[in-house]
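**Q** What follows is the residue order along each chain.
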Amino acid sequence: MADPEVRIPAPGSLWRMEKAQLQTLLEALAQQGYTIIGPRIQEGAIVYDEIRQISDLPIGWTDEQDGGYYRLKRREDEAFFGYAVGPHSWKRFLHPPVFSLGQARRNGQGFEWIPPADPPPRYAFLGVRACELHAIAILDRVFMGGPYVDPVYRARREALFLIAVQCTTAGGTCFCASMGTGPKAPPGADLILTELPDAFVVEIGTERGAALMAGVPCTPATEADRAAVEARLEETARSMGRQLDTADLPALLYRNLEHPRWEEVAQRCLTCGNCTMVCPTCFCFTIEDLSDLAGTRAERVRRWDSCFTTAFTYTAGHPIRQSAKARYRQWLTHKLASWWDQFGTSGCVGCGRCITWCPVGIDLTEEVRAIRETDGAMASERR
Amino acid sequence: MIPQAISRAPDLFLPRPFQITGVRRETPDTVTLRLRSLQGDPFSFQPGQFNMLYLFGVGEVPISISGVHPKTRDLEHTVRAVGSVTRALVRLRKGHIVGLRGPFGRGWPLEEARGRDILILAGGIGLAPLRPVLQSLMAHRRDYEQIVLLYGARTPADLLYPTELERWRGRLDLQVFITVDRGDEAWRGHIGVVTTLLPMAERFLDLRQAIILMCGPEVMMRVAARELENRGASPEQIFLSLERNMKCAVGFCGHCQFGPAFICRDGPVFPLSQVRSLLEVREL
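Chains as they are written, first to last, in our numbering: chain A, 53 to 435; chain B, 17 to 300.
Please keep in mind that the hints were generated in silico from the structure rather than gathered at the bench.
Just to be clear, a hint being listed does not mean it is correct.
To be verified - Counterexamples of contact, computed for chain B against chain A with all Cβ distances above 10 Å:
hint: 1; residue: Glu76
hint: 2; residue: Leu108
hint: 3; residue: Gly205
hint: 4; residue: Met216
hint: 5; residue: Glu243
hint: 6; residue: Glu259
hint: 7; residue: Asn261
hint: 8; residue: His271
hint: 9; residue: Glu299
Stated by the list, open to error - Quick look at which bits of chain A chain B covers, simulated, 3 or more residues with Cβ under 8 Å:
hint: 10; stretch: 152 to 162
hint: 11; stretch: 250 to 262
hint: 12; stretch: 329 to 339
On a predicted model such as this, the values are computed, not experimentally measured, just so you know.
Virtual Cβ for every residue (Gly too), placed ideally from N, Cα, C.
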């Protein structure tokens, strides 16, 4: 019931919110000028797109996932967030797939740039999973943690309002429990929701989250609510579809750069780059220079790129990574090993998207297992 | 008018206009472009750093800074035509405009080299990022002990900076040895890969003590590194400049990764000790 009594939702406190009140929360966000991005069904998949009301959410749906397999299925209940993750990740809003860096016009002797005029969007993300919060924290390190700061990412990131939803269902390709990235949400979100059959339990993450919840009817969570959340998270952690042994993983991969398994997986890999597109942390991009036919106007466009293309390493007249083996090895060793050297964290959060959306079902947990089981094997053909 | 337009731009990714003040043809496929900022900005850099050179609407490529013009102090870039952008860059004439972002990256360890012998090993266009080193060493000659340059090119026609090479060769305080893979009828010099010149260098300096700076094709550097180690040099003394595809030059686009390193940000100059095992991996 709506309870207008005086209450102060302080960070760290837990509240019980009727499911329908999520609509009030969305309206409060919209009122503050946020564009709300959340899960909705499009073309047979749960994707992230703009939502306006709770009826936009995939209520009563779940996803079945396996290597190279994804299907939506009706649930037996009316859960709002009863699925794992889809082909989209939040990176498409923070690090846009295509972004115009500026347009140039010739003027007299030289040229001048007209930078993008639109103010960056103010997004509120609804339904961010624990693994995805970790992925955003990783992108923060990539784009804002080094000697240079990416202005495109920072503008979107700093305006961001984050509403996490802890998973009460593990997907068939999930392994966040192995990666230490879930299902419990790490700090960072403004609000953290957990869905129970009849209500949401809302944890206040930040002062901003507290201010928003002050306008949403809710009651203090009970001990039973608290216990129910813990029980759900434990159940989710127990039902992971995949597992990955991360012990000493960077060293394992570094000492196996010539392992025959790379050649074996290259026989199956189509080098399509799907895994890099769906990955919530793959950040690589290219910059394309365009001009009109008269050569008086030009544009610089930044566009997601993939280490699976041969053009990616085109250097002084030829690509460095010509073989599929070299390109798959780069992707996997970057994700699980060199990412640590570069950013002090794994590049993998165990979301399983690369497994689900691989058209031939290549499973990185399986590839790592194969290398671990034959640690030290060398490809016969060596220079 | 232009400066204002530029100051509004998110200049991390948007090149500033520079004018070509001169073009010198080095070899059949290589030119040295002389550049000056249209906005009149002074340009300072460390030897070994690189710029991104942009051609309006065509594309952008990473090019080592190959020094400054001895008289005008204009910035110089030596460009070899190997792809679509560089093929267009070598066709530029005096007065044309290019875009430029930079300087980027970590250069050669000239501070560390003070008071020591220096061996410079260059192959082909690999001399370009080492030319500002030679310019700097010659300008502060007393700060260093013996300096030896070993330079190899495919043919005599492929030798860069012939006038400067002649001038350097004439100096008593700089030892220059040149070799080519294939001579021509006029060539009376050394023939062979650049490592065959190492015994000459050893007449002037001790490889176990010198700072060794190296740039050339990766296969040359791999072979030279092994040979230098065989002759007693340690990987900590040897520095090399690496090359990879680059789009952003500031560590975001991912293209230039070499194992754990972003060549744009962590390099392009590395101590051999940091990249030694990676150099041995094919298609890394």
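**Q** Please check whether the beta-carbon of Glu243/B is more than 10 Å away from every beta-carbon in chain A.
**A** 17 Å, holds
**Q** Against chain B, does the stretch 250 to 262 of chain A show at least 3 residues with beta-carbon separation below 8 Å?
**A** Our answer is that it is violated, as 0 residues pass the Cβ test (under 8 Å) against chain B, missing three.
**Q** May I ask you to check that Met216/B keeps its beta-carbon over 10 Å from the closest beta-carbon of chain A?
**A** It holds; Met216/B is separated from chain A by about 29 Å at its closest Cβ, greater than 10 Å.
**Q** Would Leu108/B pass as off the interface with chain A, using Cβ distances and a cut of 10 Å?
**A** The claim holds: Leu108/B sits with its nearest Cβ about 14 Å from chain A, beyond 10 Å.
**Q** Given that the stretch 329 to 339 of chain A was listed as covered by chain B, double-check it with a C-beta distance under 8 Å for 3 or more residues.
**A** holds (count 5)
**Q** Can we trust that Glu299/B is non-interface, i.e. its beta-carbon lies farther than 10 Å from all of chain A?
**A** 4 Å, violated
**Q** For Asn261/B, which was marked as not at the interface, is the minimum beta-carbon distance to chain A over 10 Å?
**A** 5 Å, violated
**Q** Taking C-beta pairs only, is Gly205/B more than 10 Å away from all of chain A?
**A** Since the minimum Cβ distance to chain A is about 26 Å, Gly205/B lies beyond 10 Å and the statement holds.
**Q** How does the stretch 152 to 162 of chain A fare against chain B when you require at least three residues with a CB closer than 8 Å, holds or violated?
**A** holds (count 7)
**Q** Can we confirm that no CB of chain A comes within 10 Å of the CB of His271/B?
**A** Per Cβ check, His271/B is inside 10 Å of chain A; nearest 6 Å; violated.
**Q** Confirm or reject the statement that Glu76/B sits farther than 10 Å, beta carbon to beta carbon, from all of chain A.
**A** 6 Å, violated
**Q** Over 10 Å to the closest beta carbon of chain A is the bar; see if Glu259/B clears it.
**A** With a cut-off of 10 Å, Glu259/B comes too close to chain A, as the shortest Cβ separation is near 6 Å.
The structure fails to meet hints 1, 6, 7, 8, 9, 11 from the earlier list, while all remaining hints are met.
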